[in-house]
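There are 2 protein chains.
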Amino acid sequence: MANPLTPEVLADPVELTRVLVDVESVSREERVIADHVEEVLRAAPHLKVARLGNTLMARTDLGRPQRVVLAGHLDTVPIAGNLPARFDGDLMYGCGTSDMKSGVALALQLAVEVTEPRYDVTYLFYEAEEIESVYNGLFLVSQTNPEWLEADFAILLEPTYGVVEAGCQGTMRVMVTTTGRRAHSARSWRGVNAIHAAGEVLRRLSGYEARRVEIDGCEYREGLNAVRINGGHAGNVIPDRCAIEVNYRFAPDRSAEEAEAHLREVFEGYDVLVTDVAPGALPGLTAAPAQEFLAAVGQTPVGKLGWTDVSRFAALGIPALNFGPGDPNVAHAVDEHVEVPKIRAGAETLRRWLSVTGG
Amino acid sequence: MANPLTPEVLADPVELTRVLVDVESVSREERVIADHVEEVLRAAPHLKVARLGNTLMARTDLGRPQRVVLAGHLDTVPIAGNLPARFDGDLMYGCGTSDMKSGVALALQLAVEVTEPRYDVTYLFYEAEEIESVYNGLFLVSQTNPEWLEADFAILLEPTYGVVEAGCQGTMRVMVTTTGRRAHSARSWRGVNAIHAAGEVLRRLSGYEARRVEIDGCEYREGLNAVRINGGHAGNVIPDRCAIEVNYRFAPDRSAEEAEAHLREVFEGYDVLVTDVAPGALPGLTAAPAQEFLAAVGQTPVGKLGWTDVSRFAALGIPALNFGPGDPNVAHAVDEHVEVPKIRAGAETLRRWLSVTGG
Numbered sequence: 001m002a003n004p005l006t007p008e009v010l011a012d013p014v015e016l017t018r019v020l021v022d023v024e025s026v027s028r029e030e031r032v033i034a035d036h037v038e039e040v041l042r043a044a045p046h047l048k049v050a051r052l053g054n055t056l057m058a059r060t061d062l063g064r065p066q067r068v069v070l071a072g073h074l075d076t077v078p079i080a081g082n083l084p085a086r087f088d089g090d091l092m093y094g095c096g097t098s099d100m101k102s103g104v105a106l107a108l109q110l111a112v113e114v115t116e117p118r119y120d121v122t123y124l125f126y127e128a129e130e131i132e133s134v135y136n137g138l139f140l141v142s143q144t145n146p147e148w149l150e151a152d153f154a155i156l157l158e159p160t161y162g163v164v165e166a167g168c169q170g171t172m173r174v175m176v177t178t179t180g181r182r183a184h185s186a187r188s189w190r191g192v193n194a195i196h197a198a199g200e201v202l203r204r205l206s207g208y209e210a211r212r213v214e215i216d217g218c219e220y221r222e223g224l225n226a227v228r229i230n231g232g233h234a235g236n237v238i239p240d241r242c243a244i245e246v247n248y249r250f251a252p253d254r255s256a257e258e259a260e261a262h263l264r265e266v267f268e269g270y271d272v273l274v275t276d277v278a279p280g281a282l283p284g285l286t287a288a289p290a291q292e293f294l295a296a297v298g299q300t301p302v303g304k305l306g307w308t309d310v311s312r313f314a315a316l317g318i319p320a321l322n323f324g325p326g327d328p329n330v331a332h333a334v335d336e337h338v339e340v341p342k343i344r345a346g347a348e349t350l351r352r353w354l355s356v357t358g359g
Numbered sequence: 360m361a362n363p364l365t366p367e368v369l370a371d372p373v374e375l376t377r378v379l380v381d382v383e384s385v386s387r388e389e390r391v392i393a394d395h396v397e398e399v400l401r402a403a404p405h406l407k408v409a410r411l412g413n414t415l416m417a418r419t420d421l422g423r424p425q426r427v428v429l430a431g432h433l434d435t436v437p438i439a440g441n442l443p444a445r446f447d448g449d450l451m452y453g454c455g456t457s458d459m460k461s462g463v464a465l466a467l468q469l470a471v472e473v474t475e476p477r478y479d480v481t482y483l484f485y486e487a488e489e490i491e492s493v494y495n496g497l498f499l500v501s502q503t504n505p506e507w508l509e510a511d512f513a514i515l516l517e518p519t520y521g522v523v524e525a526g527c528q529g530t531m532r533v534m535v536t537t538t539g540r541r542a543h544s545a546r547s548w549r550g551v552n553a554i555h556a557a558g559e560v561l562r563r564l565s566g567y568e569a570r571r572v573e574i575d576g577c578e579y580r581e582g583l584n585a586v587r588i589n590g591g592h593a594g595n596v597i598p599d600r601c602a603i604e605v606n607y608r609f610a611p612d613r614s615a616e617e618a619e620a621h622l623r624e625v626f627e628g629y630d631v632l633v634t635d636v637a638p639g640a641l642p643g644l645t646a647a648p649a650q651e652f653l654a655a656v657g658q659t660p661v662g663k664l665g666w667t668d669v670s671r672f673a674a675l676g677i678p679a680l681n682f683g684p685g686d687p688n689v690a691h692a693v694d695e696h697v698e699v700p701k702i703r704a705g706a707e708t709l710r711r712w713l714s715v716t717g718g
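Note that the protein sequences, when read in sequence, are chains A and B. So the first sequence is numbered by the working numbering: it starts at 1 and just counts up by one. So the second sequence is numbered by the working numbering: it starts at 360 and just counts up by one.
Here chain A stands alone, though its shape is the one from the complex:
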């Protein structure tokens, strides 16, 4: 199959987005799109290219004092009858338009066209972001080729609607369990009702005052919530167990260990089991490339509330933020779309930032 990523397509970020969208690349089926992108990257003499599975790394090596990463995932959630891409006025509809082939298009265009960037740049186009971490291309690179990720600053082109979303909050799930003693419900006083005991856990959650933390001018707003509850055996049995799954979204000034300690304090007296944790990422906006990027955008950053792959960079000590043209509110939706002017504005912002030769 001829590579649809022709020079004419690469010259226009909107057309490039459309063509990338029309190459289906549901998670774990990214081979074709990765082949096309690899071919384009290898044709650029200023880039050194390497591949791991369906993840591509391309880098300049100009001896600049600083290096930045631009990263985007190639995969999408499953198609929902929303391909090929179609236009409706200023909107381009289709699976992956927002999350995040419009972002990938911006990075790919810069990779090919900006031969003399202000910093050395590492471009990462990776696989399997939309599924379990174990398949995530960025995770796999961090395990096998961590040197690919080394940089002073990283931008993930996740959909943010053109807003700079810095760092990200951590997320922790714990199972809080209450216990009791089973009995027939006709003689309930012989038992101890574990569901009734859960009332106190829910009372603590209702009364919990979540923190709002400001870091580098970005506000992070925490949340502590029961997301699932389950207890009971049968309609005539006093239950001896009730499990409340609690999700804690915590500001990045707290480590995973501190978050756990906090939850153990909140639920003192109950059995608390951590079932899932992903640490947050500090915004790290004080690094020079970050400051210069913010100047190019000309906009106040906000704290990222959801968890994203920026925390993989944070774990390596690399400040990272999210910035992309897509609208996060329609990501994964059947009517997923991106606004064409947002693609053009993003392309200009990034090019301005990368092209300016520092003072």
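These are calculated hints, taken from the structure and not from any lab test. Treat the hints loosely; a few may be bogus.
[To be verified] So the derived list for chain A, only partly shown, Cβ under 10 Å to chain B, looks like this:
no., residue
1, 66
2, 89
3, 91
4, 191
5, 197
6, 201
7, 203
8, 223
9, 236
10, 237
11, 245
12, 249
13, 305
14, 307
15, 355
Where is the CB? At the ideal position from N, CA and C, for every residue including glycine.
Model the placement of chain B on the given structure of chain A, informed by the hints.
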């Protein structure tokens, strides 16, 4: 297959129990045992016999001023490697020994041997008590042949360990539902957490003071308990619904309507849906045959806390009580058993009561 219910077997209530236990009769597989019992009943010239499905009715028609019912179900819960019956000292082990072939044995022996009872007697041996009501032989009779149940007093030979358990409590299940508004748990303040809202429902349950009611000298102790709770959609979603299934066991001085009104009061402000109800039964111990039965037993009756088929008689205005040799604490257990002396004592008590010719 030859009928194992020979005259020698019928002459001894313990041997009769053993033989009945060894005829497997899990719910909906009662045909063979019903055939054997029918043959025995039809051979007794003083009985008029009728059959509905695998339920048998046999009655005397001696023109006595009063009629009593003796009833027992032929089915058992599924066998759990606990057949055939075996003896260990004074204990007979096996599926159905307690619940309730020892009780069936007492009634069947009386049916065959007491040709001149003090009252006219209707014996009922019925199917499918251990499963959903719609299959219950007593329920089916009440729908198609209610005249079979007409009597002044009824005894169910359910396991009571030789204690007279009068009437029974009612049981009602309601679903109490809380609602909220879904949101991503990273932006929890945009949602309303329905599981947190359930805390107040559990608080009311924890603080509930259950009534203890005395009727005809029997104490009925109520209970109001959450038996199941379920809420939540995913680990990252603020839940918009939580359902708490509540079981109310209520004393028989309350009707089903009064019980429902009470629960609507307790859970005021919440959505309450009645999912299941079975009214209780007043002990009705003032009827003459009941008084004479208590005199024969020579023991103080207690209130029945669990729901049993006695309330089917109560619904027809017939006072009813539970009295059987089995131990209710081992009913349905793998180590189900009955004490041999309890069988003999029960047989003697019932025979004494039925055989004495009134004043």
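query: Which of the numbered hints above does this structure break?
result: 1, 2, 3 and 15
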